[in-house]
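Chemist: Sequence:
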Amino acid sequence: MQMLRNLSGLLGALALVCGCDASRPTSVADANADAVTAVDAAILIDASPVDGSPVDTAFGADSADLVAPLSWGALTHRPRATFDGRDTAHLKRVIERVNDDKAPWSTAYRALRKTLQQDATPFADSGWLAAADQYAALYGSETRNGEIALAKAMVAWLASQGLDPSWLPLPSTPTQSATDWAKQQAQQALQILDGMYERWQCLKGFDVINRGIVAASSLLNHAAAYDLLAALPANWGLNLTIANQRLTKMAGDFAGCFPIIATYRSNHSIRVAAGLGMAAIALDNRDAGWISIVERQLHPTNAASDLVYQGKSGAFAEGTSYYDYAHELALPFAFAYTRYLSGRGERLLDSDLYSELVLWGVYWQLPSGHRPAVDNSRVHRSSTPLYFLSRAVGGARSIADQSLLLWDLERNGFVGFDGRFSGFALAAFDPPTGLSASAPSSSPTRYDALRGGAVLRSGWNSDDAYALVMAQNGEAQRHGGGHEAVQNGSYSFYTKGETITLDPGYRGWSEVTQTNQAQHHSMVLVDDQGPRPPSHELLGWVANGTETQIVSGPRTHTNSDSAAVALKTSYQGATVSRTVVLVQKRYLVVEDLLSASAAHRFSTLIQLNSGGKDGAVKLDAAEVAHYLTPQSAIPTVVACQANVARAPLALNKRKNGSGLAGGDQHFAAICATKGSHNAAQFLTLIATGENGAAPELRELSVEGAQVYYLRDGQRSDVVISNPDRRKIVVGAQSDTTTISTDAELAILSFSQHKGRVLYRVGGASLDF
Numbered sequence: 002m003q004m005l006r007n008l009s010g011l012l013g014a015l016a017l018v019c020g021c022d023a024s025r026p027t028s029v030a031d032a033n034a035d036a037v038t039a040v041d042a043a044i045l046i047d048a049s050p051v052d053g054s055p056v057d058t059a060f061g062a063d064s065a066d067l068v069a070p071l072s073w074g075a076l077t078h079r080p081r082a083t084f085d086g087r088d089t090a091h092l093k094r095v096i097e098r099v100n101d102d103k104a105p106w107s108t109a110y111r112a113l114r115k116t117l118q119q120d121a122t123p124f125a126d127s128g129w130l131a132a133a134d135q136y137a138a139l140y141g142s143e144t145r146n147g148e149i150a151l152a153k154a155m156v157a158w159l160a161s162q163g164l165d166p167s168w169l170p171l172p173s174t175p176t177q178s179a180t181d182w183a184k185q186q187a188q189q190a191l192q193i194l195d196g197m198y199e200r201w202q203c204l205k206g207f208d209v210i211n212r213g214i215v216a217a218s219s220l221l222n223h224a225a226a227y228d229l230l231a232a233l234p235a236n237w238g239l240n241l242t243i244a245n246q247r248l249t250k251m252a253g254d255f256a257g258c259f260p261i262i263a264t265y266r267s268n269h270s271i272r273v274a275a276g277l278g279m280a281a282i283a284l285d286n287r288d289a290g291w292i293s294i295v296e297r298q299l300h301p302t303n304a305a306s307d308l309v310y311q312g313k314s315g316a317f318a319e320g321t322s323y324y325d326y327a328h329e330l331a332l333p334f335a336f337a338y339t340r341y342l343s344g345r346g347e348r349l350l351d352s353d354l355y356s357e358l359v360l361w362g363v364y365w366q367l368p369s370g371h372r373p374a375v376d377n378s379r380v381h382r383s384s385t386p387l388y389f390l391s392r393a394v395g396g397a398r399s400i401a402d403q404s405l406l407l408w409d410l411e412r413n414g415f416v417g418f419d420g421r422f423s424g425f426a427l428a429a430f431d432p433p434t435g436l437s438a439s440a441p442s443s444s445p446t447r448y449d450a451l452r453g454g455a456v457l458r459s460g461w462n463s464d465d466a467y468a469l470v471m472a473q474n475g476e477a478q479r480h481g482g483g484h485e486a487v488q489n490g491s492y493s494f495y496t497k498g499e500t501i502t503l504d505p506g507y508r509g510w511s512e513v514t515q516t517n518q519a520q521h522h523s524m525v526l527v528d529d530q531g532p533r534p535p536s537h538e539l540l541g542w543v544a545n546g547t548e549t550q551i552v553s554g555p556r557t558h559t560n561s562d563s564a565a566v567a568l569k570t571s572y573q574g575a576t577v578s579r580t581v582v583l584v585q586k587r588y589l590v591v592e593d594l595l596s597a598s599a600a601h602r603f604s605t606l607i608q609l610n611s612g613g614k615d616g617a618v619k620l621d622a623a624e625v626a627h628y629l630t631p632q633s634a635i636p637t638v639v640a641c642q643a644n645v646a647r648a649p650l651a652l653n654k655r656k657n658g659s660g661l662a663g664g665d666q667h668f669a670a671i672c673a674t675k676g677s678h679n680a681a682q683f684l685t686l687i688a689t690g691e692n693g694a695a696p697e698l699r700e701l702s703v704e705g706a707q708v709y710y711l712r713d714g715q716r717s718d719v720v721i722s723n724p725d726r727r728k729i730v731v732g733a734q735s736d737t738t739t740i741s742t743d744a745e746l747a748i749l750s751f752s753q754h755k756g757r758v759l760y761r762v763g764g765a766s767l768d769f
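Under our numbering, think of the first position of the sequence shown as 2, with each following residue one higher.
Among the clues, some could well be false.
[Stated by the list, open to error] Listed next, the in silico PhoX-like pairs over lysine-lysine satisfying Cα-Cα at most 25 Å (straight line):
{"no.": "1", "residue 1": "Lys654", "residue 2": "Lys675"}
{"no.": "2", "residue 1": "Lys103", "residue 2": "Lys93"}
{"no.": "3", "residue 1": "Lys586", "residue 2": "Lys755"}
{"no.": "4", "residue 1": "Lys619", "residue 2": "Lys497"}
{"no.": "5", "residue 1": "Lys614", "residue 2": "Lys654"}
{"no.": "6", "residue 1": "Lys755", "residue 2": "Lys728"}
{"no.": "7", "residue 1": "Lys93", "residue 2": "Lys115"}
{"no.": "8", "residue 1": "Lys619", "residue 2": "Lys654"}
{"no.": "9", "residue 1": "Lys619", "residue 2": "Lys586"}
{"no.": "10", "residue 1": "Lys675", "residue 2": "Lys614"}
{"no.": "11", "residue 1": "Lys675", "residue 2": "Lys569"}
{"no.": "12", "residue 1": "Lys497", "residue 2": "Lys569"}
{"no.": "13", "residue 1": "Lys614", "residue 2": "Lys656"}
{"no.": "14", "residue 1": "Lys250", "residue 2": "Lys205"}
{"no.": "15", "residue 1": "Lys103", "residue 2": "Lys115"}
{"no.": "16", "residue 1": "Lys497", "residue 2": "Lys586"}
{"no.": "17", "residue 1": "Lys569", "residue 2": "Lys619"}
Simulated from the structure, these hints should not be mistaken for laboratory data.
Construct all of the structure, not just a fragment, from the sequences and the given hints.
Modeler: Here you go:
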């Protein structure tokens with residue numbers, strides 16, 4: 002393994018000689034390592050949700066619209082990068098849907114019409130030379146120009162096919178017909194292409210190569226616009242010679258520099274490959290070897306491809322939003338490639354890897370439908386499912402999968418149809434007639450070893466409760482490099498449509514150390530330290546962190562009242578065993594059992610979504626923290642006990658890049674031992690109130706155990722942590738009975754003195 006890392010570093014050093022700084026690449030991990038940890042298969046609920054069955058024949062007559070794959074040699078039609086000029090049935094459906102003002106197709110068309118009204122900015126006037134990050138400014142401006150060109154070209158081409166919706170008619174005047182207006186848009190799009198910045202000279206230095214991830218957007222958009230312009234009637238008088246030359250030069254730079262960018266094995270190489278691939282399709286380039294580069298990098302089964310490298314770790318190598326960032330370009334390319342070029346190769350969208358990575362995001366989503374923050378990422382919405390909702394070969398999966406993906410898109414408000422990728426969305430989204438959205442039929446709670454975590458969930462509705470508990474190991478832990486965030490056992494908690502405790506998210510590369518350390522997450526610290534964070538060593542970025550494993554057994558389970566996961570990890574000379582229990586929609590219980598050969602000061606952190614305003618969190622006399630969530634003002638209480646002397650509960654302000662409501666700061670509660678110990682136990686409880694009132698939460702005094710009493714409305718719960726399995730007695734409260742037990746961990750709920758067990762682990766007796 003170290004030899005491979007040294008090789009990775011050597012490649013990085015060579016890249017430096019070529020002008021490419023190695024501060025960005027991730028280290029190369031063992032390509033043959035098995036990402037799935039040795040977790041008992043019995044706890045892996047729906048670990049492989051992908052339905053790989055062939056296209057469902059229930060499509061009926063619509064299945065006749067499937068476009069047969071073609072080889073390179075037969076590639077003569079236009080357009081081919083967004084719409085398929087051969088698929089007249091699909092085009093007819095799009096025109097009818099837009100004319101009928103049917104969302105989301107009409108939403109996408111509105112977005113195109115809005116975008117084309119904007120003025121492009123010539124690169125000489127963009128001010129990029131004076132910008133702090135010159136090439137981010139340059140290619141950011143050029144990307145926007147490409148989006149405008151694509152909007153103009155797509156609306157013009159659709160107009161040439163007869164699209165002129167009555168609710169948003171093509172402009173016309175006594176001196177200019179609607180057709181003349183469409184021709185004008187096409188000419189303006191061509192002017193943008195003729196004036197595009199045509200170089201990506203990565204050998205000039207790291208600042209240039211690092212912004213290939215932005216330049217790729219520019220190339221992809223301009224190429225798609227070129228393809229649509231080439232499909233317009235010859236009598237429109239468009240001369241594409243200069244545009245062809247500019248696109249060819251830029252794509253040539255991409256191909257020439259790819260040996261350097263390929264060492265990154267990250268979103269850089271995936272995005273750059275996608276931009277190059279779209280140019281190959283649009284320009285019908287068969288001789289420069291461009292498509293071979295792209296096929297190698299984005300191949301779904303070749304172990305040497307960067308897509309597989311990222312996908313084997315569940316795309317955790319850089320985080321959930323980075324996966325979407327890579328694939329906002331890769332999927333438009335894969336959609337085009339699958340439909341037009343797959344006669345001699347893979348049908349990309351039909352591959353298990355492409356669809357599995359999209360479905361992973363669907364199953365891990367928050368109750369809001371957003372994707373969670375993982376590693377250096379932030380809470381975000383995903384438009385990636387829409388590419389799999391198509392009748393084109395490779396785009397269509399089973400009816401069950403498509404119903405699920407449609408449910409996800411609807412839940413997210415058809416994200417992508419009203420934004421900068423609206424043109425691609427309009428062209429790609431073509432679900433079977435009569436397809437109905439359907440929530441997942443599998444268990445909402447998932448224990449996922451491959452992607453390194455557990456999703457505890459009470460259900461699939463927007464007001465359900467959800468906890469994401471991180472357990473990264475294997476490739477998911479090793480591949481993070483500079484984008485790794487230390488998250489051993491860290492958790493986030495959502496309920497009632499609001500974030501209760503959070504992951505701090507990503508504040509940008511220049512501030513990466515503000516949110517990627519152990520103290521930024523809801524984790525245990527040992528002498529105020531967690532696992533070693535990523536470091537930039539001589540031979541490149543090294544993830545450094547230690548592994549966290551899901552522990553099979555009675556502590557990891559789900560039932561109608563609770564979902565729980567047990568984890569184990571080691572760092573700073575200590576072993577941390579954590580159990581997280583989600584109880585219905587109401588509260589979260591976290592038990593930490595800590596041990597070490599030497600004495601340490603232990604602490605556990607709870608990252609509160611309380612906003613960053615002073616006074617947002619208050620401590621009562623019993624040191625129970627009270628706060629209101631910043632978005633929905635849900636009253637929340639938090640308490641922490643220890644089985645050794647505990648320091649006063651502390652509150653510290655933390656940086657926040659999660660993207661959630663509440664600003665760029667939040668408060669963390671810190672529960673710490675007083676002095677050093679060889680072992681310690683923490684019991685944390687986080688509860689939200691019903692009907693706008695905070696629940697009552699207090700500690701009960703029971704020798705040898707940690708016990709909470711929680712009253713909320715007409716219901717009272719008792720939470721017992723008794724890891725030594727002593728026989729204990731918990732006295733009756735006003736609305737509970739006496740409890741006698743030797744259980745390790747138990748949660749009971751009472752109503753009118755009648756109790757039932759919500760969760761129980763170990764012990765021979767539990768009487769109440």
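Chemist: Indicate, hint by hint, whether the structure satisfies it.
Modeler: Okay, the hints, checked on the actual structure:
Pair hint Lys654 plus Lys675 holds up; C-alpha atoms about 21 Å apart against a cutoff of 25 Å. Restraint check for Lys103 and Lys93: satisfied, since their Cα atoms lie roughly 14 Å apart, inside the 25 Å limit. For the hint linking Lys586 to Lys755, the alpha-carbon distance of about 20 Å falls within 25 Å, and the restraint holds. Distance check on the hinted pair: Lys619 and Lys497 sit about 22 Å apart at the alpha-carbon level, within 25 Å; holds.
Proximity of Lys614 to Lys654 is assessed by CA-CA distance (about 9 Å); at most 25 Å being required, the pair is judged to hold. Proposed proximity of Lys755 and Lys728 is supported: the alpha carbons are some 22 Å apart, at most 25 Å. For the suggested pair Lys93 and Lys115, the alpha carbons sit about 23 Å apart, so the restraint of at most 25 Å is met. Between Lys619 and Lys654 the alpha-carbon distance is near 13 Å, which keeps this suggested pair within the 25 Å criterion.
For a cut-off of 25 Å, the pair hint linking Lys619 to Lys586 stands: about 24 Å separates their Cα positions. Of the pairs offered as hints, the one joining Lys675 and Lys614 is violated, with about 28 Å between alpha carbons and a cut-off of 25 Å exceeded. Using a Cα cut-off of 25 Å, the hinted pair Lys675 and Lys569 holds, with the two alpha carbons roughly 24 Å apart. Using a Cα cut-off of 25 Å, the hinted pair Lys497 and Lys569 is violated, with the two alpha carbons roughly 29 Å apart.
Straight-line distance between C-alpha atoms of Lys614 and Lys656 comes to about 12 Å, which keeps the hinted pair within the 25 Å bound. Pair hint Lys250 plus Lys205 holds up; C-alpha atoms about 16 Å apart against a cutoff of 25 Å. In summary, the hint linking Lys103 to Lys115 is supported, as the alpha carbons are separated by about 17 Å, within the 25 Å threshold. Distance check on the hinted pair: Lys497 and Lys586 sit about 7 Å apart at the alpha-carbon level, within 25 Å; holds.
Of the pairs offered as hints, the one joining Lys569 and Lys619 is violated, with about 32 Å between alpha carbons and a cut-off of 25 Å exceeded.
Comparing the model with each earlier hint shows violations of hints 10, 12, 17; every other hint is respected.
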